[in-house]
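What follows is each chain in one-letter form.
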Amino acid sequence: MTEMSVLIGGRAGDGINSAGLIIAHLLSRIGYRIYMYFDYPSLIKGGHNFAIIRASPEMKGACRREVDFILALNQDTLDLHRDLVRDRTTVICDSSRVKATGICIPIPGILKEEGAPAVMGNSCIIGAFTRAAGIPWAVLEEVFSRHLRKGLELNLKVARRGYEMASDHSVIPAGDSPALPILSGNEAIGLGLLHGGLDAYVAYPMTPTSNLLHFLADIADRAGLLVFHPENEIAVMLMALGLGYAGKKTAVGTSGGGFCLMTEGLSLAGANEVPVVIVLGQRAGPSTGMPTYTGQSDLHFALHAGQGEFPRLVVAPGDPKQAFTWSSLALRLAWRYQVPALILCDKTLCEGYYSFSSPAASVPRIDDAPAGTPGPSYRRYLLTDDGVSPLLFPGSPGTVIKVNSYTHDEAGITTEAAEMASLMTEKRIRKGKALENGLLDLPVIAQSGDTSSDKTLVCWGSTAGACSEVGPELGFRVIQPVVLSPFPAEKFLRATRGTHEMVVVEENAYGQLEMLLNRFGVRADASVRKYDGRPFAVEELRARLMEVVS
Amino acid sequence: MTEMSVLIGGRAGDGINSAGLIIAHLLSRIGYRIYMYFDYPSLIKGGHNFAIIRASPEMKGACRREVDFILALNQDTLDLHRDLVRDRTTVICDSSRVKATGICIPIPGILKEEGAPAVMGNSCIIGAFTRAAGIPWAVLEEVFSRHLRKGLELNLKVARRGYEMASDHSVIPAGDSPALPILSGNEAIGLGLLHGGLDAYVAYPMTPTSNLLHFLADIADRAGLLVFHPENEIAVMLMALGLGYAGKKTAVGTSGGGFCLMTEGLSLAGANEVPVVIVLGQRAGPSTGMPTYTGQSDLHFALHAGQGEFPRLVVAPGDPKQAFTWSSLALRLAWRYQVPALILCDKTLCEGYYSFSSPAASVPRIDDAPAGTPGPSYRRYLLTDDGVSPLLFPGSPGTVIKVNSYTHDEAGITTEAAEMASLMTEKRIRKGKALENGLLDLPVIAQSGDTSSDKTLVCWGSTAGACSEVGPELGFRVIQPVVLSPFPAEKFLRATRGTHEMVVVEENAYGQLEMLLNRFGVRADASVRKYDGRPFAVEELRARLMEVVS
Amino acid sequence: MSARDFITDAQNTWCPGCGNFVIQFALRDAIRSAIEGGLDPDSIVLVTGIGCHAKMADYLNINSFYSIHGRTVPVATAIKMADPDLQVICCAGDGDAYAEGLDHLVFAAKRNSDITVIVHNNRVYGLTTGQYTPTSPSGFRGRSTPGGTKEEPFNPLEIMLASGATFVARGCTRKRKELEGVIREGIMHRGFSFIDVLQVCASYFNQTDVYDRAVYSLEGHDAADFDAACRKAREWDYNSDSPIAIGTFFRVIRPTLEERLGVPRKKEGTTEETIARILGERK
Amino acid sequence: MSARDFITDAQNTWCPGCGNFVIQFALRDAIRSAIEGGLDPDSIVLVTGIGCHAKMADYLNINSFYSIHGRTVPVATAIKMADPDLQVICCAGDGDAYAEGLDHLVFAAKRNSDITVIVHNNRVYGLTTGQYTPTSPSGFRGRSTPGGTKEEPFNPLEIMLASGATFVARGCTRKRKELEGVIREGIMHRGFSFIDVLQVCASYFNQTDVYDRAVYSLEGHDAADFDAACRKAREWDYNSDSPIAIGTFFRVIRPTLEERLGVPRKKEGTTEETIARILGERK
Ligand SMILES: Cc1ncc(C[n+]2csc(CCOP(=O)(O)OP(=O)(O)O)c2C)c(N)n1
Ligand SMILES: Cc1ncc(C[n+]2csc(CCOP(=O)(O)OP(=O)(O)O)c2C)c(N)n1
Ligand code: SF4
Ligand code: SF4
Ligand SMILES: [Mg+2]
Ligand SMILES: [Mg+2]
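Chains as they are written, first to last, in our numbering: chain A, 1 to 550; chain R, 1001 to 1550; chain D, 2001 to 2283; chain X, 3001 to 3283.
Next up, chain A with everything else stripped away, as it sits in the complex (with noise of 0.2 angstroms):
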């Protein structure tokens, strides 16, 4: 069983992404697993959109530079990727709006025999890739049972109609594997929340991550979620820390800019030792940039946004795997060490689909901070061994729980002496180590290719996808820290040792996760960068890692 892509283009309102979806799901079925890429520019109709879907037997992350099958709905789509179409690409086209050899169909007339509305000329050309690919026609049945909210009959009728202009053109050999559900990055964070006890989501939209507050929303009510979208990012966050305040465990999600307003409030949880969850999904920036393509230029900001001095939880999953896990663990740490969490992901996570085997059964279970004792005695800010105080939630009986953003003692009330002041400034600094040694026995750093190799390759992020593909092919160990603070430098070290080169890719122009290697005395012999807010493909990746390594 080989690989295969296919590639769907139309204009912004088409569709594109629903249809992509579709396709990922035909494929899903007959045995492969998929990663889609969808490409749309930031407005609502009339733009170039189109989506990738890669089938392979097994997981990828990241598209290849030649698609197997072509579906364009607009002339667009030829147009802007013949660096895609080789020899044995399949063409399958509207007739009416696209000039090319292949498969053509007449939709609009399809459409209007069958009384079909425009939108679903996508079922019709999805008709017509179903055969042209030999996919069964059940297996289309199934999917667009299962997948369309409205208009089955209709749609299949016109389905079939593209289905039966089409003949078995290139067909896909079935694999075996049972379908995998197929997420996006945003809903594997969304479960993985979920999974870590999430009881509260409040966000502001924002590209990438809005996806995530409408999935949240969505499922709010049989998953027993408070989700809320107030006026503003700086009302999110510190409505977030009210929530935590009263004992609800809260996560926020935003963008660069919403996240820049936040960060009052993140000094904030820092210096009350609220926990906090914050879903950062970074854009191609800086300022409003391109808000609907990929960047991984947020990652200092995340490390050092908010005035003064806190431990902070920072992880960057590659993949919806991982970032099940990790938003799992990230609300839990956060309960445990009452620090904030921030969830790094991209346009590239956050919006992409991937075939996703449910890590829930292992993510390893992390307790809550101890609990207080109710009474006149408790202290939210106890100084203890480890700086974590034990916490309480206001309703207990006969107790008072004061929080406070002023430097403060014990109980919580203001003080501007100096010993207080260092002594908790001691507590958050055993907190953060504390955070440390939890994180231990943690999967920390993600490893792909021969660990033995002398040459690694270092990467972050949803770019893990395309390096944990290309780099052991070109003989590199991969290493992934999957948190970034804080930066488990020994484990990277030991993973790293025996390097005798080292190539970090990353998708932004200073190289951030470079600079934080380097305070921790590791150099990179070569750096692969990339900012035009694409996320790199396979072959482009491997020319460019050929370019600099010896």
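One should not assume that every hint holds.
[Stated by the list, open to error] Derived lysine-lysine pairs resembling PhoX-like cross-links, with alpha carbons at most 25 angstroms apart:
#1 K157(A) x K112(A)
#2 K3283(X) x K1150(R)
#3 K3283(X) x K1157(R)
#4 K1045(R) x K1112(R)
#5 K2283(D) x K157(A)
#6 K112(A) x K99(A)
#7 K150(A) x K112(A)
#8 K2283(D) x K150(A)
#9 K1150(R) x K1112(R)
#10 K1150(R) x K1045(R)
#11 K433(A) x K491(A)
#12 K112(A) x K45(A)
Hints listed in this document are in silico derivations from the structure and should not be mistaken for laboratory results.
Given the coordinates of chain A, assemble chains R, D and X with the ligands onto it according to the supplied hints.
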């Protein structure tokens, strides 16, 4: 001629800051260089306030742990500062409030007899001090007449009563240097900005930079400045960018919490290339922390604040002379390279008072970015060799000037094209390089002590005061990088060449400068850190250094 | 619970003559009488901003969230959402609630979040030593406006009425008894309660004489009449020299945010089951 | 300058049927007629937020500051302060100006900053694909509120009137001519001009039918009468099904912020001299 220190203490609301400043001027007039530290809790009345005035033949920037005179308006002044009292210390106190042996003046009685308000108790005790220190009465008269805003006559009367009740006790020999102006760090920054060409200052009050707002508001009329205090820091930052877009050289001032709210605007400035200067006064954090106490814990936040990547200038002056020079330069460099510039200071510098010899004449001249040519072909983001685009402001005849937070083309129109995104990122990188080159001839690193010593002390910001005094005594060469971004790594390495033992001294817990140095391969052998909100005293630093060095 | 119990041992550092003392005791007594009426003292949560007013969090021996400048309201809204059994009270400043964080106030009113916001409106930034606020009179010479402000104050009551607040009142620290009354009423009100308290700042804006002269208690005013409330609110514009009414300007009962949100429904099955079910749908 | 000149070559990506087209052409024509009346085209500056509305900055060939979400107003205020000869216009969104950055709007009104704010009020977040805004009707099922919002909209006109705005108007994209009229009036008004434009969002909240049915032009309304303006503003609460007036609700002339600030006085002597003088006083 020897040096001496005076401590004056009383309750919040007693006017200790002004009294300290008068004492500073008395000592300045008789030929000393002055450093004054003012210590007060974050409240208006009721707590204990004190000022320590240190007078020496040479400029100093830190206090000693012993005083020659202690002027006590309340009992706390004696009780809380016993450790500063030596045998030789002359105690002068208000006998109605303080139990002590020394020169005890029945201040309330005197005030009553003279019909003077309570706040004039200061003048009375200053009169006594003047006599005890052997300072001629005429000096007091001159200082009062120059520096009291109102009630000169009554103040003189009251002072005279104090003067007459004391005797020459511990006569301070007069020096012969003519009196210098005495300035706070905030004032030095304000004048430096003015020197750099400031047109407008926008701020929301926040310790320790509120006094910069007050100072600039006070001189606005004669300096032709627009000074505005809007609804919050978000508005502050965005107003600054509006002013900058319209051609006004603008600075803003804040502290950590307010800076958080400015970070989104900072990233905008990085993207739309509108110059702005941010005065960021550090204080003890995290969050509200101890608003009137000092700290150096916002360095990395300043270096990395705002999503995405763009060049920025970060300077951290250590004394008013550097503050003046680098505030002027920061504004000019911001306008030369169209980058945001941060002046990173702290409570010690901002609210400390210092004898000041103006470097105005020697501040290097830096021109604004080249002006564009008005007309329809003007492009705000013209791609140039050094990344700097010619500037024009709205109102230019026949010219359309578009700035944009989105990724844009040369004309400022939004684009999401991969190539243009890369080009604009590279433009910003080139601008950063040009800025780096522009810094080559500037005094980006300050040094003192024996530059051939193999023991090096590294410090930054106001901590340079204590370090440049103690370091050389202990045989250190002292290196203070004033520019922290773009970090002058090469110059730093050159300045520290031959170091055998390096100690980094900072007023924070995590070693933020050290973390930065680590990035450039510099490893410290020892660290001296302090995080209780109080600046290093000379003896304290000496002892801490002696603990850590071999 | 005795009166003493409500005050902590924290050293009080308000200036002598500061109106905050009056608010402190009025609030304490309002709480005390609410407790006598059945309120559980453990269920009270105080949220403060940053400013002189905010020291209330240190001084009152009740649950408290000493927040940051301008942000009492979102914190309080969320605490109430988290646990509708809690009784959430904000002590905010005028710089705090009307400048730095005005938007939150408008939104809490719009949502009818069942919290009580007491604004210590001394019409000056106290803690940062005397700058103008949105309710300082025009021409106010503060430290950031030595030549006098160039703008008129706004009228917070009008803005709250326009925003949908269901309880709008004004108190004054020169009228302790009346103040306690509106605070108690505000706490008891089911829905968003807004109380603007004209507070004497002894150090930076001592309006004692003005308030002693101009303040009078609303009488014969129908708090159910929105138009009358608007008219009364407009009687004094925080600038000119006119009579200043205190008391409850407006009161109406509407569904609260928390009532409308409902307590999140009990989950069907365990979290693991929910996750498994959702994954199943994604196949 | 011909009509064409005002439109750039940037590709227009608004959805077919979007009300933004109407605002674009109404604004262009209002500007054009102001230019015919003597306005210098080079002196116009457009400030936009982030959202569909904001693309106006790309599409109109005039000076522009394409700002960030929610922040048109402080940018615009500052540009006007920097150079009172400039004519500053904001195109803001309802999410933008009423949610993210509401406070700035209130303060611009309070200060009577001489800028014109046009809010493209489609009562939805367009660009982020359909979430509720502060003016969405209650129960609105957006992507963040699939079960319907649990709050009522606020009425931006009421808030602006309460905040001291000196020009308050409403337009609708279904009435292009009238819209052009209020925009022109707003631009000409000396002082803060606020124009709420009911804009059809073809993709996420298409209120064409409602507006076609309910919108009518104010007639016989005295825009100098504040109480009448309030009454008219309250006629429709952005929620219920009642007649929707468009036109100028309120207009009054008061000193503007820029007039009151004055242009910073000419400096006495050079900067160096000023610095030297100040240093002298510090001796
Ligand atoms: C974001 C932020 N900006 C500024 C400050 C500084 N600050 C502290 S209190 C205060 C003003 C307080 O005024 P107000 O809210 O009226 O309270 P008051 O002291 O008068 O009771 C300011 C500006 C801050 N803490 N945080
Ligand atoms: C601080 C911040 N938060 C969120 C966003 C994401 N965002 C962009 S546009 C928008 C909503 C736009 O709605 P509106 O202002 O009503 O404009 P419309 O698209 O409807 O014209 C949001 C939430 C952002 N850019 N910045
Ligand atoms: S400054 Fe004013 S508000 Fe603050 S404590 Fe003193 S009198 Fe009260
Ligand atoms: S989403 Fe709505 S507002 Fe945005 S362009 Fe489309 S129709 Fe217009
Ligand atoms: Mg106040
Ligand atoms: Mg909108």
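Each hint, compared with the structure:
1. Distance restraint check for K157(A) and K112(A): the Cα-Cα separation of roughly 12 angstroms lies within the 25 angstroms cut-off, and the hinted pair is therefore satisfied.
2. As the CA atoms of K3283(X) and K1150(R) are separated by approximately 18 angstroms, the hinted pair is consistent with the 25 angstroms bound.
3. For the suggested pair K3283(X) and K1157(R), the alpha carbons sit about 23 angstroms apart, so the restraint of at most 25 angstroms is met.
4. Distance restraint check for K1045(R) and K1112(R): the Cα-Cα separation of roughly 22 angstroms lies within the 25 angstroms cut-off, and the hinted pair is therefore satisfied.
5. With a C-alpha separation of about 23 angstroms, the suggested pairing of K2283(D) with K157(A) holds against the 25 angstroms cut-off.
6. Only pairs whose Cα atoms come within 25 angstroms are accepted, and K112(A) paired with K99(A) is accepted, the gap being roughly 21 angstroms.
7. Using a Cα cut-off of 25 angstroms, the hinted pair K150(A) and K112(A) holds, with the two alpha carbons roughly 19 angstroms apart.
8. The hinted pair formed by K2283(D) and K150(A) meets the criterion: a straight-line CA distance of about 18 angstroms does not exceed 25 angstroms.
9. The hinted pair formed by K1150(R) and K1112(R) meets the criterion: a straight-line CA distance of about 19 angstroms does not exceed 25 angstroms.
10. With a C-alpha separation of about 22 angstroms, the suggested pairing of K1150(R) with K1045(R) holds against the 25 angstroms cut-off.
11. Distance hint between K433(A) and K491(A) is fulfilled; the C-alpha atoms sit about 15 angstroms from each other, no more than 25 angstroms.
12. Between the alpha carbons of K112(A) and K45(A) the distance comes to roughly 22 angstroms, so the proposed pair stays at or under 25 angstroms and holds.
The structure fails none of the hints (numbered hints given earlier).
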